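Colleague: In order, the protein sequence lines correspond to chains A and B. Residues in the first sequence are numbered consecutively from 1, following the working numbering. Residues in the second sequence are numbered consecutively from 1001, following the working numbering.
No lab work stands behind these hints, which were simulated from the structure alone. A quick note: this is a predicted structure, and the numbers were derived from the prediction, not measured. From the three backbone atoms N, C-alpha and C, an ideal C-beta is built for every residue, glycine too. Take these hints with a grain of salt, some might be off.
As the list claims (entries may be wrong) - Label-pair restraints from in silico Cβ distances:
no. : chain 1 : residue 1 : chain 2 : residue 2 : range
1   : B       : G1156     : A       : C271      : 33 to 41 Å
2   : B       : Q1097     : A       : S249      : 47 to 55 Å
3   : B       : R1154     : A       : G266      : 38 to 46 Å
4   : B       : K1260     : A       : R46       : 21 to 29 Å
5   : B       : I1012     : A       : V83       : 21 to 29 Å
6   : B       : P1048     : A       : V94       : 22 to 30 Å
7   : A       : K9        : B       : F1018     : 18 to 26 Å
8   : B       : M1339     : A       : E17       : 43 to 51 Å
Letter by letter, the chains look like this.
Number of protein chains: 2
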Amino acid sequence: TGNRNFSFKQWIQSVWEFCKGDINRVIFSLKVGLAVLLVSLLILFRAPYEVFGTNIIWSILTVAIMFEYTVGATFNRGFNRAVGSLLAGVLAVVVAQVAICSGHVVEPTIIGASIFLIGALTSFMKLWPSLVPYEYGFRVILFTFCLIVVSGYRMGSPVKTAMDRLYSIAIGAFVTVFVNVLIFPIWAGEQLHNELAKNFDAVADSLEECIRKYLEDDDSDHPEFSKTVMDEFPDEPAYRRCQATLNSSTKLETLASSAKWEPPHGRFWHCSYPWSEYVKVGAVLRYCAYEVMALHGVLHSEIQAPHNLRITFQSEILDASNHAAELVRSLGKDISNMMRTPKSTSLKKVHTSTERLQRAIDMHSYLLTSSHDDQNYSSKPLTKLSHTLSSTLSDLSYSLSKDGQGSGDLELPLNPQPVGTLPSAPAQAESYHEVMKKQQRRLHSWPSREVDVFDEGVLEMDNLPRMRALESTTALSLATFTSLLIEFVARLDHLVESVNDLAVMARFKDAGVQKYTEILIQNQTQ
Amino acid sequence: TGNRNFSFKQWIQSVWEFCKGDINRVIFSLKVGLAVLLVSLLILFRAPYEVFGTNIIWSILTVAIMFEYTVGATFNRGFNRAVGSLLAGVLAVVVAQVAICSGHVVEPTIIGASIFLIGALTSFMKLWPSLVPYEYGFRVILFTFCLIVVSGYRMGSPVKTAMDRLYSIAIGAFVTVFVNVLIFPIWAGEQLHNELAKNFDAVADSLEECIRKYLEDDDSDHPEFSKTVMDEFPDEPAYRRCQATLNSSTKLETLASSAKWEPPHGRFWHCSYPWSEYVKVGAVLRYCAYEVMALHGVLHSEIQAPHNLRITFQSEILDASNHAAELVRSLGKDISNMMRTPKSTSLKKVHTSTERLQRAIDMHSYLLTSSHDDQNYSSKPLTKLSHTLSSTLSDLSYSLSKDGQGSGDLELPLNPQPVGTLPSAPAQAESYHEVMKKQQRRLHSWPSREVDVFDEGVLEMDNLPRMRALESTTALSLATFTSLLIEFVARLDHLVESVNDLAVMARFKDAGVQKYTEILIQNQTQ
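Chain A on its own, in the form it takes in the complex (with noise of 0.2 Å):
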């Protein structure tokens, strides 16, 4: 009993901790058993009861589909309850009335015919692309009008039938409404409003991330791919947070769409506050965060740069990379917080950093685009671009290259050694010089593998070939990694843009001009 004793301490500690992650959660938990608890009164008291008769079920049945998380989601489903319970109650009286008019013979068949043709066409209806998200509303329909045109028809007078329904569940709906407004309210403005700025965090962190491990990595093993893939790198914190900010289009676009269904609240005070600009500015965001996706793509890409050439850069790519994540967290915060501050200063840094990196790069191009054996192309046909008459330069430069370092490397041709397997220079404690050095001597020691002859069997499945790098891309990987974050920064601008637009749309109070005013008033008390 031990053990289970055990693992029933564990089960309250998880219940506990998810208690504690969000106590909304129990908020709302306890508010559903309220609102039930207030209604069924209604019925356990005698008062009540004997007005409403047992009509008042219905109100129960409201309430326990009514009450949702937020009280936008609340408006929203209560609009598509209100709304098709009138709109069945309204038909359902008219069919009722032609039916009973229509003689005791034809009255079955009418409504048999008329159940039938409001089930296909709300059916129907609810799968038009515009009018999706009142798929609830159309199930009401259907419902509603089923039950009030029979049971109109078994217990006469389908228009009392329609009214106690109607009633009971304006009971239930005002109920619901009434304890999800009024106690300790859960806004999906809010919910939205935080999880934006969440998303920004979650791209900044798993841009650090990536940085750090592509600079950290000495080319040690790599668990299988196969796996990875699918547990999505366990060992990757923010890159899960970040893809799912990449998966949050329809979240942002849910809470959105529910703010929009409530009344001014908190800080989000002034009408027509603009919830669509989230959408848009998250949008913007995870046009950025694909730029993350893909260097995080190079991270684990098959086709790797030298762990010697990447710290070449290390300080760059750090530089750039921190004043970038540093910028998309101050846009995070000042959203949060619901300020306007300049950004200009940062956007500077951001872009003078990044021009370092391009420079350096620019600079070092050579270590990116390495020279090549000869022996590589002998045996193979020559390409229409290996007889050009301009390459004659990086021939030469090529030759002087192949000159002043060992040949003896060439040598050995066919012996592929894997990146691993060669010692990690500790770069940092050698000059740069030396690092170069080895650097290109490395280049040259890795022979390209001739191209595997495949057997065309027919039953060769499991035996498929693999893709291979040449050297040259390996460099170029880099170059790769550079580009794509530097065409992250360049999104950031839009982001910027964005984040701006909302800031005036939604008039964010400007900490610029605070400060302005605040120096005005410094330099008339002076």
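Let chain A serve as the given structure and place chain B on it in line with the hints.
Modeller: This is chain B only, laid out in the frame that chain A set:
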């Protein structure tokens, strides 16, 4: 009225198009109508009504709530409703008996407390991550429990109320399942199968579209970014489908979880068909699609390689991308036809053409790393990278190239000429040598723009500084593009593997074996 008539015609036409687009929509609507009609007949005819009584109304509710688009989703919802109702029924009967036994005064207290408790508990449990898929079941528990307990209290005999409710729900559920499964069933498995195959086509199309645009693009003006990012690039239909593929993870998962509820059917005849494997293949495909998104990002990047440079590698890029797209498309076709065809040949083709591309980039890498003007650096503080020793080689090749070509271009170093205004050379007609010469000259004629002097005034929000690109980085943009293409190809290995896994687990027909046996038979008959 002519105008109104016209719009009505249009409306009819769009409805017609919608129906024709997927005939299943009409079938679904008619099926819902039929199911509701069938249940209503139980009340409209006198004989069954006398047997079942008014409680039969609950079966209408059940049909309206349980009837879903696909068979699997209906089963899933039915399971939720059945288990929820049963649990609620048992609980309610127990609580009601306890309440009755405890005497007249305490009875309403016990009932009220139990309603509050069940309300709070079910609401809390449906927020628990692993129980979220059963959200509907918890709703059912809540309202069924309340209804039985409350009406039992007022009308006596909670057991009878519970039984009446349960069997009318059972009738509704039976009719729903009967109509949904036996009349033109819409299988979630079939939908999932087709959706996945469609996603393969979307990725292949999007890749080809992206490459075509990249090579076509003659540096003409792009529409404003902020517009295109919200409209999702209206002139690129395949891109939107690719993005839909990226957002399809929830759709695939929903369909797969529905499909698991379905019995073997049609082409998916064997038990425990690996539906979850479809989700995995979808994940790997999305992993490939991220590279297409990154390629698309380079296509719409602010930092662009000049058109001349792009078309230099046109044939290699086209070759590699066409083979890759073909492979992706044939994988999709294999899934769609449930065939296994050997992929070694196509993979080899893709790899060979990608290697050609790599080699071409490798040989002409000097084009990607332009040499740079000295005056750009003289005015700025030198970074630590600028006084390295090993850069002598590149300096040598630089000075050679400078001597070789018109240094007259250097006379206009402060006249930033936009790319679009240069006459786009009809490159195909010129000799390769000439194109290269022009290219080199052009790289020289682009001076770095001076660093903007940023005003750091406090009210400068609308005048945000813009990211600028050094010209060498513009050339590296091509390297990025090709690297991403190569990485896409590298990921295809995993895609082929995962499709192969799916084919094995789902026992697709082996076209290889078929061919093999055909050859055997041929040999024997000869």
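Colleague: Tell me the hint numbers this structure goes against, listed in increasing order.
Modeller: 1, 4 and 7
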